[in-house]
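Please put together the full structure from these sequences, using the hints given.
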Amino acid sequence: MREIGPKNPLQILLILLVLAYAAALIIAPIYAISDGAIERGWQPIKDTLQDDGVQHALRITFEFSIIATLLNTVFGVIIAWVLARQRFYGRTLVNALVDIPFVFSPVIAGYTMIVLFGRNGWLEPTTFAIVFAYPGIILAKTFVALPFVSREVGPVLESLPIEPEEAAYTLGASRWSTFWQIVMPGIWVGVIYGVVLTLARSLGEFGAVAVVSGGIEGKTETATMYVYRALHDRNRIGAYSISLVLGAVSVLILLVMSLLKWRLDRQRG
Amino acid sequence: MTVKTLNKGGLWDRPFSFPAIAWGKWSLRLLAVSYLFLLIAVPIIVVSYKGFEHGLTVFWESINNRIAYSALKLSLRTAATAAVINTIMGTLTAYVLVKYRFPGKAIFNAFIDLPFALPTLVTGVMLVLLYGPQTIVGSFIEENTGHRILFAPPGIMLALLFVGYPFVIRTVQPVLMQLDLNQEEAAQTLGASNWETFWRIIFPAIRPAIIAGALLSFARGLGEFGSIIIVAGNIPMKSQTATVYIYTKVESGNMQAASGISLVLLAVAFTITVSIDFLRGRKHA
Amino acid sequence: MKTRKTLLILALFLSLIPFGVPTQAQDQPETVTITLAAYAVPREAYEDIIPAFQAYWKEKTGQTVIVQESYQASGAQSRAVAGGFEADIVALSVESDVTRLVDAGLITHDWKANYNGFVTNSVVILATREGNPLEIEDWDDLAGDVEVITPDPATSGGAQWNILAAYGAARRGFVEGYAVDDEGATEFLTKLLKHVVVFDRDGRESILTFEYGIGDVAITYENEIFAGEAAGNTYSVIYPTSTILIENPIAVVDAYVDEHGTREVAEAFVVFAQSAEAQRIFVKNGFRPVNKEVMAEVAADEELAAKFPEIEDLFTIEEFGGWSVVRKELFGDEGRFTGLIAEVAGE
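These protein sequence lines are chains C, X and L, in that order.
Here the numbering used here is used: the first residue of the first sequence is 1, the next is one more, and so on.
Here the numbering used here is used: the first residue of the second sequence is 1, the next is one more, and so on.
Here the numbering used here is used: the first residue of the third sequence is 1, the next is one more, and so on.
Simulated from the structure, these hints should not be mistaken for lab results.
Heads up, a few of these hints could be off.
[Unchecked claim] The calculated label-pair distances, taken between Cβ atoms and stated as ranges, are:
1) C/Leu-123 to X/Ile-63: 21 to 29 Å
2) L/Ser-236 to X/Ser-48: 48 to 56 Å
3) L/Gly-173 to X/Asn-144: 43 to 51 Å
4) C/Phe-128 to L/Asp-258: 17 to 25 Å
5) C/Phe-128 to X/Ser-48: 22 to 30 Å
6) C/Thr-170 to X/Phe-203: 32 to 40 Å
7) X/Ile-63 to L/Gly-105: 28 to 36 Å
8) C/Lys-46 to L/Ser-236: 31 to 39 Å
9) L/Lys-194 to X/Thr-57: 28 to 36 Å
10) L/Asp-258 to C/Arg-91: 30 to 38 Å
11) L/Met-295 to X/Thr-57: 27 to 35 Å
12) L/Asp-258 to C/Leu-252: 44 to 52 Å
13) X/Thr-189 to C/Leu-171: 58 to 66 Å
14) X/Tyr-69 to L/Lys-194: 41 to 49 Å
[Stated by the list, open to error] Listed next, the in silico DSSO-like pairs over lysine-lysine satisfying Cα-Cα at most 27 Å (straight line):
15) L/Lys-60 to L/Lys-284
16) C/Lys-219 to C/Lys-46
17) L/Lys-292 to L/Lys-60
18) L/Lys-307 to L/Lys-292
19) L/Lys-58 to C/Lys-219
20) L/Lys-292 to L/Lys-112
21) L/Lys-112 to L/Lys-194
22) X/Lys-238 to L/Lys-194
23) L/Lys-307 to L/Lys-284
24) L/Lys-328 to X/Lys-238
25) X/Lys-99 to X/Lys-238
26) L/Lys-112 to X/Lys-238
27) L/Lys-112 to L/Lys-328
28) L/Lys-284 to L/Lys-112
29) L/Lys-194 to L/Lys-60
30) X/Lys-99 to C/Lys-7
31) C/Lys-7 to X/Lys-105
32) X/Lys-105 to C/Lys-261
33) L/Lys-284 to L/Lys-58
34) L/Lys-194 to X/Lys-73
35) L/Lys-191 to L/Lys-328
36) C/Lys-261 to X/Lys-99
[Stated by the list, open to error] Chain L is faced by these chain X residues, among others (derived, beta-carbon under 7 Å):
37) Ile-67
38) Asn-109
39) Val-128
40) Phe-151
On a predicted model such as this, the values are computed, not experimentally measured, just so you know.
In this text, a Cβ means the ideal position worked out from N, Cα and C, and glycines have one as well.
Written out as structure tokens, the structure is:
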């Protein structure tokens, strides 16, 4: 679809309507948190960010969210592909499974992991701990953010014409290069939004992580658990500034990925 | 039109004449299915086991009581309403974002995902700070309508609108961007109005994306917990949603009941996804 | 070309990962690490107590103790420990959360040997808006036209204290206008429950809701008021004529200390937490002491004693036959109070 400048008052009205809705829904709350975070100036925010426990929490949150995002991106594209391009027995079932993590109460998801991997669990690991340790946090984050990439890429794949793929393949291009040269440019935008949503969701996850992490400060406490603790301790500045950091990162990731897409588009001409 | 490709084979889905391709097709399918099995089916098995651990009668009793029923109803009602509003506003937003140039668009586009990255607990507190009885907005509404927003169903709706807003936008936007502009232009050259172009050309193309986004938004609304626990009053039968009820049961040590309600929620979501998939499949046939 | 770039990005992401791998080089004999799993409220107190304990232990044995801290809601913490969260010491809000660990076979010693297993006390009180505009004086006013805030007894063990305080006060004849028996107390509690506008997850969230401006009166705990006032909030505090004594337990988790080889230091921590030095820190944070020496100190100090007024009729959980009975008969799924809340909600 081609981008145009709004031509008549009706179109401007439409833009204003959307902007007003988004402002009321998103901008106002963001403003409220930002305002709360800087209510005593920058120093308390700096202190919060320099705290060892906070830094550790942020680091494990980012690293584990990135791992969860990588896993979900690779498998998400595969799932989307299989669902969009293949017809097989049980496809409907597989398709319905994808959205489940959203309806799954995060508390129950965490509890399920304890039933599986906890003390006297069905699959209690013998060599290293899964729950109340890092693998549990990664697993929880991966689970809650699973649907995004496949749900973002799916509709785009379905809307793409299939002929160029077949033509390229028939002309002797390998499957891999056909995918990268023909399919990937088409689904890029979907992948980008999928990745950003996945990352954002894993960064912000609380319910399941809280159940499986144990929340040891400076060890298994994630950024959102810190936020929860800070809210409880009436440390609003701490809670809001860390929330803003989490939010800023996903905005940043979206900008970086859009830049990446823009450069790729240009390279292709 | 492009939608037809849905029923056709693709790159990895060719006839038997290419044995290597069949291998690729099966390995991809195996990867997708096993990932979903490990991450999603296994937890469902655990929850089913826990839900039915003490037999069918106990399971039935745990879901067939007034409090569980009204919690479920409240969740479904608020999630569905929020999904409808999010779908309409989300589609509009995506359309505006793709179609029109306006100042600040890039920034606006980047901020849309924020509701996800903010920990939902903070979302809840934010709503309290914005619409609580101490604030201008909150007290204004309470005084003029006699209704309280927070700690009541309207508060739940607000939270769900916030957390679900990005879904429809982000599913519809990439499809709109990929949309073939020749058709749109041809239609307009032939004298079709904007409105007609939208309904005839654009809407059919983005329909799968809208449905996918609406489903995600609805599912997310059903499962939302972090923000709701702060803005809902948690009064049984008045402002207690299903996820909060589940949490209550987990906390009071009744894993069976918690699993039972979870199963019902899962079944509802599952049925909706399957039936929409079925309806779509029939349309294409 | 593009593939290489993708691989590069992938490698960049993966290179971040090793930083997340824990560095556990604490096997030298001079250092010992223990994990404390506590409920959320006494965090500030433990932040002072832990350094004091580290100094004490260093002087006594020459060992450096690292205390890993985790603070979550009491019930969640107890379930986590039962599910495999290997905490050496648990400090929880209600006895029944420790009993769960005894039932799970994790705590095998007689944890109630010293001070009955408790480390801090408090009392259930009422908080109103500053200046008490609705002139709330005692329990009976909560059945009038007011909005009441209390945490949900189904999710918060601590919240059960509140319900028991109100019910017990009525049953002991300290709420005017109701028969002095189970029936009268139930009638009072029913009226009170009708005025509850928000059932929060736990005690702290409940008082935070109150601070956000919801409700006229919060049923809360004495130590919560200390914490709230320290953060700059103001309330009018009302001590009911009759209320319940809150007792918070602490215990060493046998199964895990034996696995970690940390029994000695973990047991010393519990003893230290009940010692005069630690108890004074608890008092500073608004808890009533369990240690007799510190109790006497508080009573002798006029200023401190004024902060912990004597309650005319203070009763304990034994009034209802102990936690095992209360958990089952009153707050269990089939419990009387659970039924009562459902009934009130259904109207």
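Are C/Phe-128 and L/Asp-258 spaced within 17 to 25 Å by their CB atoms?
20 Å, holds
A range of 44 to 52 Å was offered for this pair. Does it hold for the Cβ distance of L/Asp-258 and C/Leu-252?
48 Å, holds
Okay, C/Thr-170 versus X/Phe-203 on CB: inside 32 to 40 Å?
Since C/Thr-170 and X/Phe-203 have Cβ atoms about 33 Å apart, the given range 32 to 40 Å holds.
Quickly compare the C-alpha distance for C/Lys-261 and X/Lys-99 to 27 Å and report which way the hint goes.
19 Å, holds
Quick check on X/Val-128 please, does its C-beta sit within 7 Å of some C-beta on chain L?
5 Å, holds
Holds or violated: X/Lys-105 to C/Lys-261, with C-alpha atoms at most 27 Å apart:
OK: X/Lys-105 and C/Lys-261 at ~17 Å, within 27 Å.
Just to be careful, I want the Cα atoms of L/Lys-194 and X/Lys-73 compared with a cutoff of 27 Å; is the pair within it?
22 Å, holds
X/Thr-189 paired with C/Leu-171, Cβ distance criterion 58 to 66 Å:
34 Å, violated
Indicate whether the distance between the beta carbons of C/Leu-123 and X/Ile-63 respects the range 21 to 29 Å.
With Cβ atoms ~28 Å apart, the hint holds.
Can the restraint linking L/Lys-194 and L/Lys-60 be considered satisfied, given a maximum Cα separation of 27 Å?
56 Å, violated
Given the hinted pair L/Lys-328 and X/Lys-238, is their alpha-carbon gap at most 27 Å?
Measuring from Cα to Cα gives roughly 26 Å; hence the hint holds.
Sort out whether X/Lys-238 lies within 27 Å of X/Lys-99, counting only the CA atoms.
Since the Cα atoms of X/Lys-99 and X/Lys-238 sit roughly 43 Å apart, the hinted pair is violated (cutoff 27 Å).
When the structure is compared with the earlier hints, violations turn up for hints 10, 11, 13, 14, 21, 25, 26, 29, 38 and for no others.
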